[in-house]
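Chemist: Residues per chain are reported as follows:
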Amino acid sequence: MEQKLRTIFAESLEIPEERVKDELEYNTLPEWDSISHMSLIAAIEDSFDIMLDTEDVIDMSSFGKAKEIVAKYGA
Amino acid sequence: MLLKDRIVWVTGASGGIGRSTALKLASEGATLILAGRQEERLHAVAEEIRASGASACTVFAYDVSNQEEVQQTFKEAAAKYGRLDGMVNNAGILEESLLSTLKHDHLQRVFSVNVFGTLYHMQMASRLMMRKKQGSIVNISSIIGSSGKEGLSVYGASKAAVNGAVKSAAKELAPFGIRVNAVAPGFIATDMTGKLKEDIYRMRMGSIKMKRAGLPEEVADTVLYLLSDLSKYVTGQTIGVDGGMVE
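Listed in order, the protein sequences are those of chains B and G. Take 1 as the starting number for the first sequence in my numbering and just add one per residue. Take 1001 as the starting number for the second sequence in my numbering and just add one per residue.
Just chain B, with the same shape it has in the complex (with noise of 0.2 Å):
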């Protein structure tokens, strides 16, 4: 799951995977704003097949954040 995910978050952000780190949150990188975030809540969804709770897409904070949520649904 780790691997999609980085995946998704590199593609959707338009960033090298090798950017994409449990470190890396929201807001910190011009591109991950508050549009390019809703396209990585759309992407996650559709590929792990899954509709987030409305808090969970404000507590998507950083990748690791992310990984912890995905987890949560089974995914």
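Simulated from the structure, these hints should not be mistaken for laboratory data. Do not take every clue at face value.
For lysine-lysine, the following DSS-like pairs were computed, each having C-alpha atoms within a straight-line distance of at most 30 Å [as the list claims (entries may be wrong)]: (1) B/21 x G/1132; (2) B/65 x G/1075; (3) G/1004 x G/1171; (4) G/1132 x B/67.
Label pairs and their computed distance ranges (CB to CB) [to be verified]: (5) G/1234 x B/7: 17 to 25 Å; (6) G/1209 x B/7: 28 to 36 Å; (7) B/49 x G/1191: 36 to 44 Å; (8) G/1082 x B/67: 18 to 26 Å; (9) B/73 x G/1123: 13 to 21 Å; (10) B/67 x G/1217: 49 to 57 Å; (11) G/1133 x B/67: 20 to 28 Å; (12) B/61 x G/1197: 15 to 23 Å; (13) B/7 x G/1072: 25 to 33 Å; (14) G/1191 x B/61: 41 to 49 Å.
All C-beta atoms, glycine included, are put in the ideal place defined by N, C-alpha and C.
Based on these hints, arrange chain G on the given structure of chain B.
Modeler: Frame of chain B, contents of chain G only:
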């Protein structure tokens, strides 16, 4: 067919404008999700659609003003269809009250359905539409939201709120290929308008230049236009369907 293979969600689909819209969209090839509180009536509409030989449809009975129920229903729909192409926020309540007799319960009831319910559905629908970077959201507003009417301050405020939400959401969602518009019916012959007091009804008819009430099917035609590719460069608009109402 203008909506072939498209999945469209319609709230308040059990009667009036909602039912007519559902029948119209189904006849244009849409696969429908019929939503609302009145399960039996929704199934009757679904049966009507099936009998017409149109596409299949699914019924979801829930309270459109309850955010948790809305989210849960969207999860079920996402699991079933995986995408959404159109959202028609038609569920609404019309109650009149003069300002001097206005009660909190009345405000709460009207805003819960007309504003909160619409926004909950816009939120969840847009998230599903983002997956394919396309979609069209159509909110059923009202001429009262822009022109006002005695006794309808709360209803008018709720519809003005819907028009405002359309403007902002259209800008926010355009980068995702999602269009957001509203249809503002004037005086349409439905069960809801049939509950108006006689004097208000007469006053309303006197202000229509076409000298007749509109038909739910005539509103449905405009909803169809906004959902289809015929309007692919139209977003952030509120289109009146009012027979030339003068105020």
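Chemist: Just tell me: holds or violated, for the beta carbon distance of residue 1209 of chain G and residue 7 of chain B against 28 to 36 Å?
Modeler: 59 Å, violated
Chemist: Is 17 to 25 Å right for how far apart the beta carbons of residue 1234 of chain G and residue 7 of chain B are?
Modeler: For residue 7 of chain B against residue 1234 of chain G, whose Cβ atoms are near 36 Å apart, the range 17 to 25 Å is violated.
Chemist: Does 18 to 26 Å hold as the CB distance between residue 1082 of chain G and residue 67 of chain B, or does it fail?
Modeler: 23 Å, holds
Chemist: Is residue 65 of chain B close enough to residue 1075 of chain G, meaning Cα to Cα at most 30 Å?
Modeler: Within the cut-off at roughly 22 Å; holds.
Chemist: Are residue 7 of chain B and residue 1072 of chain G spaced within 25 to 33 Å by their CB atoms?
Modeler: 30 Å, holds
Chemist: Go ahead and decide if the range 20 to 28 Å is satisfied by the Cβ distance of residue 1133 of chain G to residue 67 of chain B.
Modeler: Given about 25 Å between the Cβ atoms, the range holds.
Chemist: For the pair supplied as a hint, residue 21 of chain B and residue 1132 of chain G, confirm whether the alpha-carbon distance does not exceed 30 Å.
Modeler: With a Cα-Cα distance of about 27 Å, the restraint between residue 21 of chain B and residue 1132 of chain G holds, given a limit of 30 Å.
Chemist: Taking the Cβ atom of residue 49 of chain B and the Cβ atom of residue 1191 of chain G, is their distance within the range 36 to 44 Å?
Modeler: 40 Å, holds
Chemist: Is the distance from the Cβ of residue 67 of chain B to the Cβ of residue 1217 of chain G consistent with 49 to 57 Å?
Modeler: At 51 Å between Cβs, range holds.
Chemist: Hint says 15 to 23 Å; check whether the CB-CB distance for residue 61 of chain B and residue 1197 of chain G agrees.
Modeler: 53 Å, violated
Chemist: Should the hint that residue 73 of chain B and residue 1123 of chain G are 13 to 21 Å apart at their CB atoms be regarded as holding?
Modeler: 19 Å, holds
Chemist: Holds or violated: residue 1132 of chain G with residue 67 of chain B, Cα cutoff 30 Å?
Modeler: 23 Å, holds
Checked against the numbered hints above, the structure violates hints 5, 6, 12; every other hint is satisfied.
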